[in-house]
Amino acid sequence: MTGGWFDRITVAIGVLMLNVMLVVGLLQVLSRYFSFPVPLYWTYEIARTFLALMTIIALPYMFKNESDISFLPVLKRITERTDELLLLRNVFVAVLAAVLVVSAYLAAVLEGDVSLPMIGWFKIGWGYTLLGVSAAFLLGVIILDTKDRLSTLRGDADV
1 MTGGWFDRIT
11 VAIGVLMLNV
21 MLVVGLLQVL
31 SRYFSFPVPL
41 YWTYEIARTF
51 LALMTIIALP
61 YMFKNESDIS
71 FLPVLKRITE
81 RTDELLLLRN
91 VFVAVLAAVL
101 VVSAYLAAVL
111 EGDVSLPMIG
121 WFKIGWGYTL
131 LGVSAAFLLG
141 VIILDTKDRL
151 STLRGDADV
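Numbering (our numbering), first residue to last: 1 to 159.
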């Protein structure tokens with residue numbers, strides 16, 4: 001793992017969310033065979049929501065570490081112009097990230113006070129806000145990656 005602060009925070013959040021999903025999933029399975037004093041009808045919704053949120057949070061991390069394109073090794077065998085193609089990828093993903101930021105904002109404003117059916121304390125607007133923040137981070141990572149790729153293509157030296 002690289003040592004940047006962004007990577008450390010993203011990995012820590014991912015590990016925490018994965019552990020929550022593991023415990024909740026274990027409770028869900030155990031509740032099929034043992035009776036608990038409290039009903040565990042919410043476990044499925046928590047596990048599903050955490051999986052979706054973990055995926056959303058992982059987008060900028062995966063892009064930053066070039067884990068978002070699974071065909072990159074194949075692309076490198078086909079052409080030597082991978083940087084130009086990755087710049088084109090950056091344009092498309094930047095447009096997607098910008099659309100996600102705007103959409104998340106509009107959805108959070110529209111549905112911000114609505115709660116999940118089985119988890120009344122969790123507002124849907126929080127998930128939309130997290131999606132918008134993650135997409136904004138993704139847009140920032142794309143801008144930095146594009147700047148680095150353009151500098152490399154032009155042959156600029158880092159000062």
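None of these hints come from the bench; they were simulated from the model.
Hints are not guaranteed to be accurate.
Stated by the list, open to error - For each label pair, taking beta carbons as the anchor points, the in silico distance ranges come out as:
no., residue 1, residue 2, range
1, Val133, Leu88, 33 to 43 Å
2, Val114, Gly25, 50 to 60 Å
3, Leu153, Ile78, 12 to 22 Å
4, Val29, Lys147, 40 to 50 Å
5, Ile13, Tyr41, 39 to 49 Å
6, Leu150, Leu75, 12 to 22 Å
Using N, Cα and C, we set each Cβ at its ideal position, and we do this for glycine too.
Hints versus structure:
1. Between valine 133 and leucine 88, the C-beta spacing of about 26 Å breaks the proposed range 33 to 43 Å.
2. In this structure, valine 114 and glycine 25 break the distance hint of 50 to 60 Å, their C-beta atoms being roughly 26 Å apart.
3. At about 19 Å, the CB distance of leucine 153 to isoleucine 78 agrees with the hint of 12 to 22 Å.
4. Between valine 29 and lysine 147 the CB atoms are about 48 Å apart, so this pair conforms to the stated range of 40 to 50 Å.
5. At about 26 Å, the beta-carbon gap between isoleucine 13 and tyrosine 41 misses the expected band of 39 to 49 Å.
6. Taking the beta carbon of each, leucine 150 and leucine 75 are about 19 Å apart, inside 12 to 22 Å as hinted.
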